[in-house]
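Trainee: Whole structure, please, built from the sequences with the hints as guidance.
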Amino acid sequence: MDEMSVAPGDAIVFDGLRKTYEALEGSIEALGPLSFGIRKGEFVSVLGPSGCGKSTLMLVAAGLDDATSGGVIIDGRPITRAFTDLGIVFQDHALLEWRTIIGNVMLHSDLRKIPAKELQPRAMDLIRKVGLEGFENRYPFELSGGMRQRAAICRALVHSPPFLFFDEPFGALDALTREQMRVDLEKLWLDRRQTVLFITHGIAEAVALSDRVVVMTSRPGRVERIIDIDLPRPRGSAVLASPEFVGYCAVIKDIFSASGILKD
Amino acid sequence: MRKRQLLDAAGPLLALVLLFLGWESAVVLFGVSEHLLPRPSRIFVEIVDRAPMLALHASSTVSIILSGFALSVVVAIPLALAISFVPVVRRVVYPIVVFSQLIPKIAIAPLFIIWFGFGVLPKVLITFLISFFPILIQAIVGFTSIKPEPIRVARSMGAGPVDMFLRVRLPHALPNLFAGLKMSMAAAAIGAIVSEFIASSRGLGYLVLVANGEMNSPLAFAGMMLLSLIGILLYFIVELIQRLTTPWDIAQRRLTPN
Ligand SMILES: Nc1ncnc2c1ncn2[C@@H]1O[C@H](COP(=O)(O)OP(=O)(O)O)[C@@H](O)[C@H]1O
Ligand SMILES: [Mg+2]
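From first to last, the protein sequence lines stand for chains G and F. Residue numbering for the first sequence follows our numbering, starting at 1 and increasing by one per position. Residue numbering for the second sequence follows our numbering, starting at 1 and increasing by one per position.
Don't read these hints as lab results, they were simulated from the structure. Honestly, I wouldn't trust all of these hints.
Said to hold, decoys possible - Cβ-to-Cβ under 8 Å is the rule here; a few derived chain G residues that face chain F:
(1) I79
(2) T84
(3) D92
(4) E97
(5) W98
(6) I102
(7) D110
(8) A116
(9) L119
(10) L126
(11) F135
(12) G145
(13) W189
(14) R219
(15) F256
To be verified - If you want the ones that stay clear, here's a sample from chain F, every Cβ over 12 Å from chain G, calculated:
(16) Q5
(17) L18
(18) S33
(19) F112
(20) F133
(21) T144
(22) L174
Unchecked claim - A short, non-exhaustive set of chain G residues, derived as facing chain F with CB atoms under 8 Å:
(23) A62
(24) L86
(25) I88
(26) F90
(27) L96
(28) L107
(29) H108
(30) Y139
Glycine included, each C-beta is placed from N, C-alpha and C at the ideal position.
Mentor: In structure tokens:
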């Protein structure tokens, strides 16, 4: 195990994780080997170029796909099947199109067998907080991309999970909506301080949201560098205009330039 | 909303009325003989005059359509499930089923009389043979076309196989299932008529055949008119159930017509 990046007591530990896909054209080295840890209550972004294995990393961490070697340990337990103590958001909202917005947020009630009335108040509270009030009885296709993604975030938060996994949740949104969603997400997270694994390919987004940013190499993705983001929260426009913020972004850009991912 | 629906229904109805009017006046204007093409009004009179007899034949036809259709559903859905979720079945059975569709079914229908006699059974089997494929194919598409994300979301919530099927895979498949049911219902109507042409002494198909033989065109047309009406009615019953069961899909298609 990499002593530098994994500390005892980490809530999530990636331990020598490696993933190879078997495809028709032969096997594809998608990810790793990589090791790092995420502390309890920490917001960690995994930042890397497209195709470097970020989605793979999240799927394996969530127990939705198997590691080829190494593995993921959450709260001291190795992940061997679907991990359910979490809220998860995919790049494509992944709402069930036959359920209304509130029906999607309340899906936990049917699948986790939680009484609906236990979940309902928090569901409505979240829907209000993300600005979806009045749309709870609409179907996903009636909403804009941003609204669907908000609904997906409500669904990930409603059962108050200790862990949150996001895979480029704002990837499909326009820049303005993206900005707003980032602000809203930080607010929601500051409420509860869940342990967050946030996948993104946006440098500014990673720096603005995270306590630490794990910068990845290109495929097969490994840990290139882990950067502590020491900025005050909430990170309003003043923080984002600060030289410190700009500095963090520049450092990451330099890393990508040095490895040839960004070219002048 | 209601007004819009009324307008939607009014168009086709108006076209139908115009068609009948045009037909009626053309027959009168050109003095077409009743044996070639009876006037619509003559056909309606025939239907009213012969109502009890027609009703008897119609009920026989409807029961064949519904039995054949029911058999198709009962066989096709489990088979679709097996083909969708059991790899061995998909590899071995699926090609055979698809290949069997290349056999002209109407041509083998007479064989059924040799095998099963003249009762209800051969008619139901012919109807089944003609109507079962659409529902099978659409069910397979419905069960296999789901993207991985909804499945992953459900797994992350600890869904077991039963919930996964009832709450994720089945609802996803419903629009396809209904498309298949509607096509199968239309095919079942055709199958029932074919079976009555070949192997029957009752039913509207039989009646049309006999009336044709006797050059009784008004009666033949009356039978055909009723057959069409029955076909349309049964189709819209399935459509109605679909509207009640899959409101999200209906609304979505109304917004993006294609
Ligand atoms: N199911 C799969 N089968 C084969 N190859 C895959 C599969 N999923 C991803 N890959 C490949 O693995 C690599 C990493 O994919 P992914 O984890 O989606 O990257 P990212 O999310 O960083 O864009 C890519 O080259 C991709 O083509
Ligand atoms: Mg990805």
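Trainee: Does each hint fit the structure? Answer for all of them.
Mentor: To see whether the hints hold, each was checked on the structure:
With 8 Å as the threshold, the beta carbon of G:I79 stays out of range of chain F, its nearest partner Cβ sitting at about 12 Å, so the hint is violated. With its C-beta approaching chain F no nearer than about 4 Å, G:T84 sits inside the 8 Å limit, and its interface hint holds. Satisfaction of the interface hint for G:D92 is found here, the shortest Cβ-Cβ separation to chain F being roughly 6 Å, below the 8 Å cut-off. Satisfaction of the interface hint for G:E97 is found here, the shortest Cβ-Cβ separation to chain F being roughly 6 Å, below the 8 Å cut-off.
With a least beta-carbon distance of about 4 Å to chain F, the hint placing G:W98 at the interface is held under the 8 Å criterion. With a least beta-carbon distance of about 14 Å to chain F, the hint placing G:I102 at the interface is violated under the 8 Å criterion. A least Cβ separation of about 6 Å between G:D110 and chain F falls short of the 8 Å threshold, and the interface hint therefore holds. The closest approach between the C-beta of G:A116 and any C-beta of chain F is roughly 14 Å, which is over the 8 Å cut-off, so the hint fails.
Interface hint at G:L119: violated, since its Cβ lies 12 Å from the closest Cβ of chain F, which is beyond the 8 Å cut-off. Taking 8 Å as the C-beta cut-off, the interface hint given for G:L126 is violated, the closest approach to chain F being about 16 Å. Interface restraint check for G:F135: the shortest CB-CB distance to chain F comes to about 14 Å, outside 8 Å, so the restraint is violated. For the restraint placing G:G145 at the interface with chain F, the shortest Cβ-Cβ distance is roughly 15 Å, beyond the 8 Å limit, so the hint is violated.
For G:W189, the shortest C-beta to C-beta distance to chain F is roughly 19 Å, which exceeds 8 Å, and the interface hint is violated. Taking 8 Å as the C-beta cut-off, the interface hint given for G:R219 is violated, the closest approach to chain F being about 20 Å. Taking 8 Å as the C-beta cut-off, the interface hint given for G:F256 is violated, the closest approach to chain F being about 29 Å. Every C-beta of chain G lies more than 12 Å from that of F:Q5, the closest at about 19 Å, which supports listing it as non-interface.
Against chain G, the non-interface label of F:L18 holds: every CB pair exceeds 12 Å, the least being about 37 Å. At the 12 Å boundary, the C-beta of F:S33 stays outside the reach of chain G, the nearest C-beta of that chain being 56 Å off. Against chain G, the non-interface label of F:F112 holds: every CB pair exceeds 12 Å, the least being about 40 Å. No beta-carbon of chain G comes within 12 Å of the beta-carbon of F:F133; the shortest separation is about 26 Å.
F:T144, annotated as away from the interface, keeps every beta carbon of chain G farther than 12 Å; the closest lies near 17 Å. For F:L174, the shortest C-beta to C-beta distance to chain G comes to about 7 Å, within the 12 Å cut-off, and the non-interface label is violated. Nearest Cβ of chain F to the Cβ of G:A62: about 6 Å, under the 8 Å cut. The hint holds. Given hint, G:L86 at the interface with chain F, holds; its Cβ is 7 Å from that chain's nearest Cβ, closer than 8 Å.
Annotation: interface hint on G:I88 holds; nearest CB of chain F at approximately 5 Å, less than 8 Å. The interface hint given for G:F90 holds, since its Cβ lies 5 Å from the closest Cβ of chain F, which is under the 8 Å cut-off. Annotation: G:L96 was flagged as interfacial toward chain F, and the flag holds, the nearest CB pair being 6 Å apart, inside 8 Å. Taking 8 Å as the C-beta cut-off, the interface hint given for G:L107 holds, the closest approach to chain F being about 7 Å.
Evaluation of the G:H108 hint against chain F yields a held restraint, the C-beta minimum of about 6 Å falling below 8 Å. Checking G:Y139 against chain F: minimum C-beta separation of about 5 Å stays under 8 Å; hint holds.
Hint compliance for this structure: hints 1, 6, 8, 9, 10, 11, 12, 13, 14, 15, 22 are not met, and every other hint is.
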